Amino acid sequence: MSKLGQVVEAVENYNEFVLKEVKRARTDETFGQQMVDRWNDVKSKTPIGTAPTGLKLPRLALPEIDEAGEITRYLLGEGLPGEFPFTNGAYREMYLEPLRELEAGSYGRVGKNGKNGHKKNGKNGAKAAAPKAVEVEEPTRLFSGLGLAEDTNARFHFLTGHQRSARLSTAFDGPTLYGIDSDAEGVFGKIGEGGLAIDTYEDMVRLYDGFDMGSSAFSASMTISGPAPIIMAMYIAAAKKRFGPNVVPNLRGTIQADIFKEVQAQNETIFPTEASLRFLCDMIEWTTKEMPRWYPVSISGYHIGEAGATPVQQAAYTVSNGFAYAEMLAARGIPVDQFGPRLSFFLDCGLDVEYIALARVSRRIWAIGMRDVFGAGPKAQMFKLHTQTSGRSLVAAEFKNNLTRTAAELMLAYMNGTNSCHSNSADEPFTTPSEEWIRLAAHGQAILLDESGIFKHTMNMLSGSPGMKAVERAVEAAMLEEFRQIEEFGGVLPAIEHRYQRSQIQNAAHRYEEQIYNGTRPIIALTKYNDLKDEMPEVKMVRTPRAKKQLQVDRLAKFKKRNAEKAKRALDKLAEVVESGENCFPTLIEVVEVCSLGQITGRLQEIVGHFRPMV
Amino acid sequence: MAAPIRVLTAVPICDGHDSAINTINLEFIRHGIEVVYLGYHRYATDMVRAAIQEDVKALGISSYNGGHVEFFSEVARLLKKQGADYIKVFGGGGGTITGNDDVIMRKNGIDKIFFAGTSLADMVDYVHKHYGGTHKPFRGRKPSADMQLARKLTEIEDRYAGKKGKRPTSNVQRSTSKGRQGSKKTGTRVFGFTGPGGAGKTTLIDELVLRLLHREPKARIAILSHDPSVVGAGALLGDRATMINSQNERVFMRSMATRGQAGGLSPATEDCLMLLAQSGFDYVIIETVGTGQEAMPFQTGLVHKTVLVMNPDYGSRLQLQKIVMLDLADIVVVNKSDQERARTATSEIGSRLDQNKRSQILVSTVANRHRDAGVDELCDLLTEDRRL
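The listed protein sequences derive, respectively, from chains P and A.
FYI, in the working numbering the residues of the first sequence are 100 to 714.
FYI, in the working numbering the residues of the second sequence are 176 to 563.
Treat the hints as calculated values from the structure; they're not laboratory data.
Since the model is a prediction, treat every value here as computed from it, not as a measurement.
Idealized CB from N, CA, C, for every residue including glycine.
Take these hints with a grain of salt, some might be off.
Said to hold, decoys possible - Quick list of the computed label-pair ranges, beta carbon to beta carbon:
{"hint": "1", "chain 1": "A", "residue 1": "177", "chain 2": "P", "residue 2": "565", "range": "44 to 52 Å"}
{"hint": "2", "chain 1": "A", "residue 1": "309", "chain 2": "P", "residue 2": "534", "range": "50 to 58 Å"}
{"hint": "3", "chain 1": "P", "residue 1": "111", "chain 2": "A", "residue 2": "502", "range": "45 to 53 Å"}
{"hint": "4", "chain 1": "A", "residue 1": "294", "chain 2": "P", "residue 2": "249", "range": "40 to 48 Å"}
As the list claims (entries may be wrong) - Sample of chain A residues lacking proximity to chain P, with all beta carbon distances greater than 10 Å (derived):
{"hint": "5", "residue": "178"}
{"hint": "6", "residue": "189"}
{"hint": "7", "residue": "207"}
{"hint": "8", "residue": "249"}
{"hint": "9", "residue": "389"}
{"hint": "10", "residue": "395"}
{"hint": "11", "residue": "495"}
{"hint": "12", "residue": "546"}
All chains, please: the whole structure from these sequences, using the hints.
Right, dumping it as structure tokens:
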């Protein structure tokens, strides 16, 4: 049995355990009384906040139950926010605004978005909850990348100028995602389209210019997987160049680096799976030790969802991929409490009903599996989640409707307690977001979190409705069933080799498309209320001018010429380390100072081969 | 009955968005169209070469991450440059392709862009309406060797369309003895690969091609690959998508649908193979559909060496007795020999081959492992008489 099969058993056992404890609380008076005491204690210590209207509200809302069995079912079955099994949230207070006055209780404010550990903040809570608002990061994190490094840099400054913290999220162009240099044959038209072009670590220096990369108010996310270890090495080299070697342990951020979902859905893989996983584990092993604040893999369902998977498939494949990484890293001898807290997740949020509870269920299964199968401590049990609203749900016809679609999806994402979130721009069916629409996308989140009172006064504001519970139960059962299917192949990797996930996703995509045109899935202004004769709307297109593309090619040529001799030696050294089987990541950090992305990819492919696409 | 429409579909370089094209491929197949799928992250030059060799009516491109104006235009330019603009280019990319882009692209020779919101049915309709019918003869300057060969193969295939079981008269020399003599004179070696589905035939052939191209810098290779037709419908011919090393200037590849014939080959295969064997290639490789191996799929006169590719997971020893091909193949490959069961499989198959007393050779490979020594050995075995 692979670890995934054990996870299925662990969840089933845990569910049984909860039922038994519920019974025990009803029959064993002492135990029952303990649970009731705990419940009353939590309630009495819950601080009371005040809404701008003067309405007083507890900062944590709890179900109106007073019977020992039901209390036990709640506390063990779903847990308080920030407590095992984390159904209601990875952290205690998530998006709550800072307490203006300390009105009750003594526990303090905890990290708003998950980056600040719960425990640590809990200890000096009283201080942290003082009237002076604590500097915390906004959960808004908008994915950006266009043109060359300096263009994306300008967009980053535009997006974060008014924020307390700079949480950047970087999109790369096609050649970069495939580890190809901008001067390669046949890719000129792709330079700087759909993301920015990175060829060398000098581009990386330009990309984050003006930001303090070592600051605790700065974090960078990089959405790239195939060549992720090389790009990560460039990031480190760029930071060292600007801030010296001591900056490395302070670097904060995330790199996607998710090979499994690439092979299952997104297809941006450049080395054979086995070799890709080796390079990835090399990077994770090094960064979890040397850069303890970095997330070296973002286990992603977004692209699985966008490729057409149902929400259950998306969550099931993502969480099972997570367990597969955990199994691999544990097999390398890395302690689970070293790598566990550095695994993060990324899900899609669309309009299907499953999204009411998809992240809640994922968080619960992850926590149980990590604790009971991998023996993880509390920090490694937490499913830390970034959500993006669904790009696939956006439609070109009467595209301003996309604002409403995204708003509804944002609501679902925050109901699910996501730790950070990207809201799509309404113009995304046509173009890399223009400033006009990306501004509205960012404002959408601010309206929900800052302007409206929905999420800032009380935790659990929308948790646990009967409908949500019904969805939760159905989704959990369906996810476990998917796990069993994967387990029948012998686990995640063998299932991948049999194309299991790919074919399931493709079938779901085809069904989705059929449903749009047979009326099962009405799409407003496309298949329903589509009386307006559709003209292509006037949208400002964001494209990279030819001259810029040429500039990137020219800069790369200069870099290559300048480093020609050093590059040869560096690549030889890299080849030697790779062949030896040693961890090659430290060498990569040196190599990127004199080699371009394409040079490194090319040399590695000579050694380990090319990825053979799956259909 | 007219021959099915053949189209080639692909996704441009640096683009892995294959959800749309997968769905469209599926829809095309259901409506009787044969789709040669080249895969994602593909160069314009590879698309053009493949479209010419497959002699498709149209080339469909699905592009989602920008640069489409340049890419589509480059494909049209390359087709025109080679005198192959009889192949129409169509495509789409959701909302990323604007009306303005469409104007430029059409001016550059693109036949049709499907905009966001086009239904699958409308696309199928368009293909049936505009890309049906027989090929028109080449016009203008002299067509290239690839173009001529590709067209002859189409003519053979078309002659068989709708004439199940009957042999149409053929321009190709049918005498097997002559065929064999002819190929000997030109030094063409023909290898036949067969084996159950999932054994890794396609990967193995592609790795073999990589080695042949590397060892013999001037060698030219032809590949005839087969995929099953869906009953009453088209076919997805997807081998090109995984055969990354075979998308090469020195390789001529043709994908064929079985069009209702059992046994892993098409009614037109024999004639097509004969033509390829006479066309001056150094190697011709033919691959069957994954079949039950109840009989020898190849006409023995045409194929110099037959290779049976097995998966260690064939089940019990009893299952092995049912595989007739084990008695007939010259070389038996146990692929995926890194799997747990491989050791047992190798010894079971080995003792079966020993009983045959036919000096058949057993090779163990892991085709999907880079630089696999087993594939090197297979390559040596297949080419030994050429190197002598």
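Verification of the hints:
1. A:177 <-> P:565: 44 to 52 Å: violated (59 Å)
2. A:309 <-> P:534: 50 to 58 Å: holds (53 Å)
3. P:111 <-> A:502: 45 to 53 Å: At 50 Å between Cβs, range holds.
4. A:294 <-> P:249: 40 to 48 Å: Roughly 42 Å apart at Cβ, these two residues keep to the hinted range, so it holds.
5. 178: Holds, since 24 Å exceeds 10 Å.
6. 189: violated (3 Å)
7. 207: holds (17 Å)
8. 249: Check fails; 7 Å does not lie beyond 10 Å.
9. 389: It holds; residue 389 (chain A) is separated from chain P by about 12 Å at its closest Cβ, greater than 10 Å.
10. 395: With a cut-off of 10 Å, residue 395 (chain A) remains clear of chain P, as the shortest Cβ separation is near 22 Å.
11. 495: holds (22 Å)
12. 546: violated (7 Å)
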